[in-house]
Every structure is written in C-alpha cells, then in structure tokens.
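Student: Spelled out from the first residue to the last, the chains are:
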Amino acid sequence: MYPDNLKYTKDHEWILVQNGAGTIGITDFAQKELGDVVFVELPEIGRALSQGEEFGTIESVKAVSELYSPVGGMVTAVNEALRDHPEQVNKDPYDSGWIIKLSVSDAGQLSGLMDAAAYREHVGTGGH
Amino acid sequence: MRYFPQGEQDLERLMSAVGVASPSDLFASIPRNLRLTGELKIPPALSEIELRRTMGGMAAANASAGTHACFLGAGAYNHYIPAAVWQILLRSEWYTSYTPYQPEISQGTLQATFEFQSLIAALTEMEISNASLYDGASALAEGVLMAQRVTRRRRVALSAAIHPHYRQVVRSYVRNMGVDVIEIPVAADGRTDMARLGEALASPDGNDMMCVALQNPNFFGCLEDLERAGSLIKPSGALFTVVVNEPLSLGLLHGPGHYGADIALGEAHALGTPLHFGGPFLGFLAAKESLVRQMPGRLVGEAADAEGRRGYVLTLSTREQHIRREKATSNICTNQGLIAMAATIYMGLMGRAGMREAALQSRAKALHARKRLAGIKGCRPRHAAAIFNEFVMDLPVDPDALNAELIKHGIIGPLALGRYDAALSRAALFCVTELNTREEIETLATTLEGMSR
Amino acid sequence: MSDRPGGTRPGTLRVEPSLFEIGAPGRRGYGLPPLDVAQTGLEDLGPMDRGEVAGFPEASEVDVVRHFVRLSRLNYAVDLGLYPLGSCTMKYNPKINEEMARLDGLARIHPMQPPATIQGALRLMHELTGMLSEITGLPHITLQPAAGAHGEMTGIMMARAFLERHGDPRKVVLIPDSAHGTNPASAHICGYVVEEIPSNARGCIDTERLRRRMGPDVAALMLTNPNTLGIFESEIETICGIVHQKGGLVYCDGANMNALVGVARPGDMGVDILHLNLHKTFSTPHGGGGPGSGPVGVAAPLAPYLPVPAVVARDGGFDLDWDRPQSVGKVSSFLGNFGMHVRAYAYIRALGARGLRQVAERAVLNANYIRARLADTYHVAKDQPSMHEVIFDDSRQAPHGVRTLDIAKRLIDYGFHPPTIYFPLVVQGALMVEPTETESIQELDSFVEAMREIDREARETPDLVRTAPHHTPVGRLDEATAARRPRLRYRPES
Numbered sequence: 001m002y003p004d005n006l007k008y009t010k011d012h013e014w015i016l017v018q019n020g021a022g023t024i025g026i027t028d029f030a031q032k033e034l035g036d037v038v039f040v041e042l043p044e045i046g047r048a049l050s051q052g053e054e055f056g057t058i059e060s061v062k063a064v065s066e067l068y069s070p071v072g073g074m075v076t077a078v079n080e081a082l083r084d085h086p087e088q089v090n091k092d093p094y095d096s097g098w099i100i101k102l103s104v105s106d107a108g109q110l111s112g113l114m115d116a117a118a119y120r121e122h123v124g125t126g127g128h
Numbered sequence: 001m002r003y004f005p006q007g008e009q010d011l012e013r014l015m016s017a018v019g020v021a022s023p024s025d026l027f028a029s030i031p032r033n034l035r036l037t038g039e040l041k042i043p044p045a046l047s048e049i050e051l052r053r054t055m056g057g058m059a060a061a062n063a064s065a066g067t068h069a070c071f072l073g074a075g076a077y078n079h080y081i082p083a084a085v086w087q088i089l090l091r092s093e094w095y096t097s098y099t100p101y102q103p104e105i106s107q108g109t110l111q112a113t114f115e116f117q118s119l120i121a122a123l124t125e126m127e128i129s130n131a132s133l134y135d136g137a138s139a140l141a142e143g144v145l146m147a148q149r150v151t152r153r154r155r156v157a158l159s160a161a162i163h164p165h166y167r168q169v170v171r172s173y174v175r176n177m178g179v180d181v182i183e184i185p186v187a188a189d190g191r192t193d194m195a196r197l198g199e200a201l202a203s204p205d206g207n208d209m210m211c212v213a214l215q216n217p218n219f220f221g222c223l224e225d226l227e228r229a230g231s232l233i234k235p236s237g238a239l240f241t242v243v244v245n246e247p248l249s250l251g252l253l254h255g256p257g258h259y260g261a262d263i264a265l266g267e268a269h270a271l272g273t274p275l276h277f278g279g280p281f282l283g284f285l286a287a288k289e290s291l292v293r294q295m296p297g298r299l300v301g302e303a304a305d306a307e308g309r310r311g312y313v314l315t316l317s318t319r320e321q322h323i324r325r326e327k328a329t330s331n332i333c334t335n336q337g338l339i340a341m342a343a344t345i346y347m348g349l350m351g352r353a354g355m356r357e358a359a360l361q362s363r364a365k366a367l368h369a370r371k372r373l374a375g376i377k378g379c380r381p382r383h384a385a386a387i388f389n390e391f392v393m394d395l396p397v398d399p400d401a402l403n404a405e406l407i408k409h410g411i412i413g414p415l416a417l418g419r420y421d422a423a424l425s426r427a428a429l430f431c432v433t434e435l436n437t438r439e440e441i442e443t444l445a446t447t448l449e450g451m452s453r
Numbered sequence: 001m002s003d004r005p006g007g008t009r010p011g012t013l014r015v016e017p018s019l020f021e022i023g024a025p026g027r028r029g030y031g032l033p034p035l036d037v038a039q040t041g042l043e044d045l046g047p048m049d050r051g052e053v054a055g056f057p058e059a060s061e062v063d064v065v066r067h068f069v070r071l072s073r074l075n076y077a078v079d080l081g082l083y084p085l086g087s088c089t090m091k092y093n094p095k096i097n098e099e100m101a102r103l104d105g106l107a108r109i110h111p112m113q114p115p116a117t118i119q120g121a122l123r124l125m126h127e128l129t130g131m132l133s134e135i136t137g138l139p140h141i142t143l144q145p146a147a148g149a150h151g152e153m154t155g156i157m158m159a160r161a162f163l164e165r166h167g168d169p170r171k172v173v174l175i176p177d178s179a180h181g182t183n184p185a186s187a188h189i190c191g192y193v194v195e196e197i198p199s200n201a202r203g204c205i206d207t208e209r210l211r212r213r214m215g216p217d218v219a220a221l222m223l224t225n226p227n228t229l230g231i232f233e234s235e236i237e238t239i240c241g242i243v244h245q246k247g248g249l250v251y252c253d254g255a256n257m258n259a260l261v262g263v264a265r266p267g268d269m270g271v272d273i274l275h276l277n278l279h280k281t282f283s284t285p286h287g288g289g290g291p292g293s294g295p296v297g298v299a300a301p302l303a304p305y306l307p308v309p310a311v312v313a314r315d316g317g318f319d320l321d322w323d324r325p326q327s328v329g330k331v332s333s334f335l336g337n338f339g340m341h342v343r344a345y346a347y348i349r350a351l352g353a354r355g356l357r358q359v360a361e362r363a364v365l366n367a368n369y370i371r372a373r374l375a376d377t378y379h380v381a382k383d384q385p386s387m388h389e390v391i392f393d394d395s396r397q398a399p400h401g402v403r404t405l406d407i408a409k410r411l412i413d414y415g416f417h418p419p420t421i422y423f424p425l426v427v428q429g430a431l432m433v434e435p436t437e438t439e440s441i442q443e444l445d446s447f448v449e450a451m452r453e454i455d456r457e458a459r460e461t462p463d464l465v466r467t468a469p470h471h472t473p474v475g476r477l478d479e480a481t482a483a484r485r486p487r488l489r490y491r492p493e494s
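Protein chains in written order, with the numbering used here: chain A, 1 to 128; chain B, 1 to 453; chain C, 1 to 494.
Chain A with its partners taken away, still in its complex shape:
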C-alpha cells in the first residue's frame, strides 16, 4: 500500500511536499518489518537537516532503525502524539503516524527520490 502522491527513499521513508512544507514518515513495509513500535526518538524543532542525514530513531521490541531525511530542510514540527502512542506509526503510517515536518530548502532534491511504482518494485525485491 504505497500512495501515489508520495515520494519514497530506499530506506523506507516517505515524504509529502505541499507548498514547500514536507511531511515525513515511514512506509507500511517498514512498519511491518519493525513490528510493534515502542519508541520514537524525535529531533528538536529548528534543527537543520541535510539530505540523507539521520534525524532520529524508531524502536520496536526487536530492532532499532535510524531515520534519514529524504531532503534537506529545517524541522518545523514533530508528532508529539508519538511520545505516548508510538503505535500510531504501525496503525496509520501515512497519516496520523507522521513523524516530522520540515521546510524544504531545495525542492530539486525530490526528483532523485522514488515514486510509488519504483518503490513498489524496490520492496518487491526484498527492500534492501
């Protein structure tokens, strides 16, 4: 289940960009691989990120994964609801399970990301 209006990274983050504002989360594939999410380490608001930079971690009972920013920008919001209900990432990874919002500094970086079809193929071959 990979919405067509999103862009994807090979590390299983998705990004939705509207008017220079990006919302970022992890895909359905990723949340299934992780299992029940128990903790999300969120960055500070105002932090500047470059493309591919690690901005946090997401932890399940059996694994911890780093979260990498699909594009460069500045963190404008974090999903505070995840502090008490990290399981939202499993239940609704593309909507209420969003992780951070940022203001995109270079919209051109989006073109290097995968669209839904390419991502579907990526996970079809194992996702690694």
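Some hints here could point you the wrong way.
[Said to hold, decoys possible] Here are the simulated DMTMM-like cross-link-like pairs (lysine to aspartate or glutamate), alpha carbons at most 25 Å apart as the crow flies:
#1 K10(A) x D177(C)
#2 K327(B) x D217(C)
#3 K62(A) x E52(C)
#4 K371(B) x E43(C)
#5 K382(C) x E195(C)
#6 K408(B) x E41(A)
#7 K91(A) x D305(B)
#8 K234(B) x E44(A)
#9 K288(B) x D11(A)
#10 K32(A) x D4(A)
#11 K288(B) x E52(C)
#12 K288(B) x D4(A)
#13 K327(B) x D4(A)
#14 K171(C) x D180(B)
#15 K288(B) x E80(A)
#16 K32(A) x D217(C)
#17 K41(B) x E237(C)
#18 K91(A) x D217(C)
#19 K62(A) x E195(C)
#20 K62(A) x D305(B)
#21 K62(A) x D463(C)
#22 K32(A) x D305(B)
#23 K234(B) x D305(B)
#24 K408(B) x E196(C)
#25 K371(B) x D49(C)
#26 K327(B) x E43(C)
#27 K32(A) x D393(C)
#28 K41(B) x D217(C)
#29 K382(C) x D25(B)
#30 K32(A) x E235(C)
#31 K327(B) x E66(A)
Keep in mind the hints are simulated off the structure, nothing from the lab.
For chain A, the structure is supplied; the task is to place chains B and C on it using the hints.
Tutor: Showing chains B and C alone in chain A's frame:
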C-alpha cells in the same frame, strides 16, 4: 568419567547414527597439521577425594576471614551473611538456570531480578535501577560512557577520593572514546575539595563536563558533602554521579537520590556475598527514569500475557549488544545474576530494620576502634570529617610491619596506603564491621601498642 | 501429551506475590548479637540520617525463604534437563566445584591482603593460567575480565595499545556478518569503526573479500572459530596470513572452544588474541545470567599490554606484579572473578588431558547425532560439516504458518528449553542446537522426538504451535506494551 553420560554402547550407537568409525573422524574439517597428535600437558585427572586434598591445601595456605579477624575494607567488605542466602541459591533452579531470554520458563529469575531492581532503587533513593553490572569499577566506567551518550560532552571530573582502582579502570575504558578525565583533589579534612570542584566547573571548560563523580563514603572512609556537591554540579548540566561501594552505609545514610544525583552506581557485593578475593562482585547502576534508554545492562520490566496474568520480561533490549551491535549502550552480555540474587535475598531478610541495625553496629564499632587506637602514642586519626565504618590513621610504625605482626595474632590488618600516595606511607585505612568483636579490636590495639613502644 | 519423567516444566503454582507484598510491619528476618561497644553513631550525622530504608520489606526468615523457594520452582535449569542453546554451551555444572569455591580459605579472602597471606590463591591463579595457556596455545593469560564481552574489550584494547606503540593504532576492525553482537560493541568501545566482512555460501569468511579489503587501516579481524554457524573455518591459516601480512592482528572469540579442547589450539592457527568463557567451556554455572569470567590469552608480542596486576612466580612463591608500564591498565576492581577461577580450576583438574579431549569429541558427536536424526524433518541451514552445534531453520514449517519462534515456544510445552533462535543473523529463522557432551543419548532422543512431534503439529494443527506455550504459569507476554511504558520497579498500586 562421571560428567559424561555415554557408555561404550551409547558411543557406538551415536557414531553409527552419524556415520563415523571413530571420534577423530568428526574433526576432518580441521586441517591435519592443526590437529594435536599428543595429549595436552595437563596433569592427569583427579577424583573428588584428590581434588579436596589438593584444593583444600591451597585454601589452607591463605589467611581468611574464616580464621582471622578482618580489618581490611577499601571496596571489599566482610559483612554478616545470613545462612539462608546461599542455602536458597544452591537450589539448582537458581544456580544452573540460564539468562531469562525465554520468560515463560524463567519467571523465578525475572521476578527476583525485578525485586533486585526495586530494592536497589529504594536503597539509593533513585527512580530506576538495572539488573547489575560486573563490579563497582566497571559500573563507574559504564556510568561515564552513559553520561557521554546523554550529554555529548567531552570531559569528566572524578574526585581523587574515589577508589584508586576505580579511577584506573575508568581511564582504561575511556582512553579511546575521546573523553578527558580530570581529578578533583582531596582536602585536608579527607573530603573532596569543594572549592577546587567549583573552580573546575566555573572554568571555560566547565560547561563541557559530561559527569562529575564522587564516592560516598569515600576511599578514606569520609562522608562527603553531597548537598553542596549537588548544588555546584547540577547547574553546569553535568550528570551528578555518586559512587557507593559500601552499600551497608545506605542502611543508615541518605542515598544519592536524596541529594539529586542523576546516576548512583557502585559495588553491592557486601549485600550477601563474601569477599571472594575480589570477585565475583556486584556492580549496580541506578538513575533518573528519563535516562532509561541510555542505561547499560539488562532491564527487567512488568508485562502481562493474553489472559492478563502479571509476569516479567527482559525489556528495552534493543539498547543491548545483541540487537544494536556497535551502537549499543554497552557491550555487556553476562551480568552478575547469582550475586544479584544473593543481594535480593539478603535485603529481603535484613529488611528495613536489619539494614539499619547492621549499619549502626558497623559504625559504632568503627568509632570505638578509632577512639581506642587514637589513645595509642603516635597514632592519630588523619581526617576530621565524619566517617561511616572506615578511617585512616597515621601510625607510629610501618604499616606493612604492623600487618606482618598482626597476622601472627590472627588478624588481617588495615590497608597500607603508601602504594597509593607517598605522603601516606605511614598511614593505613582501617575498616570495622558488625562482625568485628570488642576483643578483636582490643587485640588490634594491644598489638599496635606493643610495637610502638 | 505426557510430561517428561520427573517433570522438567515449571510447576503450576499459584501466582507468587512480590517480595514487597509478603511479611507484615514489625516482622524480622535477621538477628544480630547485642552491641559490645558504646552505642554511638548518630549524634554527628544530623540530616544525613535517613531513618529506616523506606520501601524495604519487613518479613520473617520463613516468609523470605518460602518466597524464594517458590520462585525458584518457576525456573527451568540445566539440572532439570537439556538446554540445547547454540553458542551457550550449557553443560553440567559439577558440584565439587561449588564445594571448593565455598571453602573459607578461597571464599573469604580479601584481594588486598599482603601476598604472603594469600599464597594458595595466587598459586591457584598461576596454575590456572598455565593450564589455559596449554589449552589455547597462547603463552600469556590474564584472568581479570569478568565475562566474555569484557574479555573482548580487553583484548581489543591490547591490540590497540600494541599498534599504537608500533606507530599507528589504525581505524577499522573487520568482523564477519555472522558475529555475535558483543564483537562490534566491544570494538566500538575501543574507538574503532566496525566493517562487516560477508560470509560465503558455505557460511565461512569470504577470504577473497577479506584479501581485497585488508589494508594498513585495519587494526584487527575478529572471528569466531568454529564460527557461529558451528562450522570450522578451515582456511584459518590463510585468513591469519592475510591479516598479518598487512600488519594487523587476529582476535578469536573463544565462545566455541568446546569443539576444540584437546583437539586443536587457536594459538597454533595464528591467532594473536583470544578470550575464553569459563561459564561455557569450563562448566562454571550460569546462575540465571551470571557471573561469568572471560580470561584473555595473547601471543608473546602482546604480553607487555596485559592488565595489571599480573600473577607471577617469584622467590619460590607467588606475587602480584604491578610494575607493567605498558599495561592497558585495569578492567576490573580487583583480580577478576576469582570464584569462577576456582571452579574452572577444579573442572580442568577433574578432567585431565584425556578428559578434556573427550569433552570436544563427545560434544561434536552429540551435535552431529541430532543433525543426523533431524535433517529429514528440519532444514539444515548450511551443507557443511557441523562441529559442536548445528543450525536448522524453519523453511519447511513456514509454509504452514509456523515460524522459528513458534517452534521454540512449543518445545517449552514438551519440557525443554528452546534452542538459540534468530542467531546468527545470516541465517533466516535460525534454530541453533548445541547439546554439549553432558547429555545422554536418551535425552537427545527425547529432544528429537519432541521436535518431530512439533513438525507434525505444524502440518496438522498449526494453531496449537502458534499459540504455545500452553502449560506454563504465564503465556507469551506482551513485550511491546512493556517496552512502551516500562515499569521497572515495584510500586504499591501495581
């Protein structure tokens, strides 16, 4: 051999099922030139009767707290251990069980460990504790690394009144981790010099301090001013870390949490485990709950099954090496399971009243001994600060000579301090516990008196 | 489904209350003699006096003893039955070892006593280092590390000190992707960056990839031999040659020594540093998670870097040598886990040279017996000779919706502790079985039968397996909720 259940017939059945003619065929994947052709040069097998004789001889060649009065402390303490502690632990289900990775058949170990964590937290007045580390020195090293992860700063200040072995272990651990270690000197009264601590924190590098650690009671037996230390340390953002290696002191004295410590750690073998020549011992680490994800070592948490029954599990394991690998909070795998169980049973038996009474007796006897020795010509207590059960005396004789004489009178004497500080070459650190009798203290004193004439 | 003779499963007891829920105000579980000196000790304490320890129990000795005896019955243990845990070597713990460790002259001695008063203890440590040196083929041994991972850290510290002295500590440690997690964690603490070397199709180190990667920036290769799949790295001499040729060191994780004692020696293979796990190969008890002991052996050039103090023979007796200026320093408060040194010493003396070799022979034989009897039922992960452990996977059961975890949990209902699961990571759904040499053919057959039954259940009644265990005081626990809202200490309202 009695540990091998296979008789000749069994061996034949096993080999036939596997399809080999002799055991050496099993090692065909080892290159021939690497296979030993002869036997190891190890002495021939001993029966239990011979083992008892040989090892009994080794044991008899040692002066022990079983045959001698012990006035030696310095991080290893000879305290009363109730008979029930090790009788219970000798049960196979405690002794020969494995790490509780399969919680359904390890609820004994898991619940007891949860109780250990709870007792340590209560004893230290901290919010949470882990399931144990190897010993006090490595616990301090792990605490420093934890502070590094939490604060991402570069410097650590250790009181020079922390046990010298502990400081040495910290330096070994952090040498390659980009950490600068500075030491805060000891003042004349035997406590950490608060003025120098203040200076270190006020200096330009002061806000690059990840952790400031003091020991209480400290290596010289003196009680530190933790109230004042906390007020200096906490504004700097460094983690206020208190080392305790005489845990009986906490039966009487407030724990590090009372003074706002971020981390309390140290050595807890004295709760139920004998001296053991220095190991196996019992490291512990307790902290504020907000630091839980950076804590090293195992953690046991409460959980429920599908029927709602309360159980216990190893939790937050993703911090640990088997999952996080090089990004783990520590490389620790084995902890000190059985020794932590001993401490749990000990604390259960002693309870709130026993912890206090044993501590009071230790202290009363130490104060009595110090007073008695201070009455000897040439003997002077070195430090003015209040003590728990250890104190340093300046002596009229060479401490090594004193100890050589004391052994003849059935006494393991104090720690000669010259090795740690040349200025202390005529000083020794005495420890007195609830196990020392008035007679033993008297023999100690009269022997010293005899030598000082 | 019948219980095993004698009953190895935990008893179905009533729920055991917490230690904080037993007892009653005013009860005492201890007694001390009356104070024989003046009752002082409070006047000068002022606000430092905490009163009694809040939150501690008030229970009688009877209450406490019953509590811990009842709790013990909820545990499985190797004295009850098989623990087929790959890489853990859960062998029988001889009882004479406990008796020796409990002798006052070995249990109640202080590490800072003058050496003249502890000659027996120093002799024991010295003789033990001699025997471990003979067993491993490495001439110098330290007994100070408290556990295997502690030994790994100490060993890599020594490697770094050696390389520093020779001009360059280097940056990288190479570790196979099959390695135990402690390996990279230990290397990291020593300031190294970890790079993985892939395993080849046989499950062994890919020597061509190693040859291409090995360079002057690599301080060491950490490997396990036999490796974590239970397979002997037969190219070990080539591997050591590749590393040595570029000035690096070879570290061997000795966790699997049970396959080699008396048969082959890592020191002879070119290994420079090795740690041992006394709680694995040398029979010291696991105690519910510890204590262990992780002695480290090194080749001669690394001797100056051993931790202080070293136990040395001197002037017709034994002494502690602190004068070692190039030492990496200290890793433990005192001399290491002496209590475990005593037990390992007793074990090695009880076996003798011939007995030690039989340990390896029988351990490898037992593992291969299980492999031979189960290979038609469970897929063997690698088509290579197994040494003391064998790895299966769940590929034949997975089509029925039954995975490794389910098989493990269902084994509990049959009265066994499960094998090691999901390790090493290079095998999907790994089930690693290491019976050790102290299991009888009856116990092995019993295990084989249980595994066969579970396979049949996987095909015929998979739900039974997926929801196992059914016969334990608690079922599978909700670990996700436990991790989300951690409750790590007793609170009265819980």
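Student: Does each hint fit the structure? Answer for all of them.
Tutor: Hint by hint, here is what the structure shows:
1. K10(A) x D177(C): With a Cα-Cα distance of about 21 Å, the restraint between K10(A) and D177(C) holds, given a limit of 25 Å.
2. K327(B) x D217(C): holds (21 Å)
3. K62(A) x E52(C): violated (41 Å)
4. K371(B) x E43(C): holds (16 Å)
5. K382(C) x E195(C): Distance ~24 Å between K382(C) and E195(C) Cα, so the pair holds.
6. K408(B) x E41(A): violated (63 Å)
7. K91(A) x D305(B): holds (22 Å)
8. K234(B) x E44(A): Holds, at about 23 Å.
9. K288(B) x D11(A): It is violated: about 34 Å lies between the C-alpha atoms, which goes past 25 Å.
10. K32(A) x D4(A): holds (19 Å)
11. K288(B) x E52(C): holds (22 Å)
12. K288(B) x D4(A): violated (45 Å)
13. K327(B) x D4(A): violated (35 Å)
14. K171(C) x D180(B): It holds: about 20 Å lies between the C-alpha atoms, which stays within 25 Å.
15. K288(B) x E80(A): Holds - the C-alpha atoms of E80(A) and K288(B) are around 22 Å apart, at most 25 Å.
16. K32(A) x D217(C): Violated, because 39 Å separates the two Cα atoms, which is more than 25 Å.
17. K41(B) x E237(C): Satisfied, since the Cα-Cα distance of roughly 24 Å is no more than 25 Å.
18. K91(A) x D217(C): Between K91(A) and D217(C) the Cα gap is close to 46 Å, so the pair fails against 25 Å, i.e. violated.
19. K62(A) x E195(C): holds (22 Å)
20. K62(A) x D305(B): holds (18 Å)
21. K62(A) x D463(C): With a Cα-Cα distance of about 23 Å, the restraint between K62(A) and D463(C) holds, given a limit of 25 Å.
22. K32(A) x D305(B): It holds: about 22 Å lies between the C-alpha atoms, which stays within 25 Å.
23. K234(B) x D305(B): violated (41 Å)
24. K408(B) x E196(C): The given pair, whose Cα atoms are some 60 Å apart, is violated under the 25 Å limit.
25. K371(B) x D49(C): Holds. K371(B) to D49(C) sits at ~22 Å (cutoff 25 Å).
26. K327(B) x E43(C): violated (50 Å)
27. K32(A) x D393(C): Status holds; Cα separation ~21 Å.
28. K41(B) x D217(C): Violated. K41(B) to D217(C) sits at ~39 Å, over the 25 Å cutoff.
29. K382(C) x D25(B): Since the Cα atoms of K382(C) and D25(B) sit roughly 19 Å apart, the hinted pair holds (cutoff 25 Å).
30. K32(A) x E235(C): violated (39 Å)
31. K327(B) x E66(A): With Cα atoms ~11 Å apart, K327(B) and E66(A) stay inside 25 Å; holds.
In summary, the numbered hints that this structure violates are 3, 6, 9, 12, 13, 16, 18, 23, 24, 26, 28 and 30.
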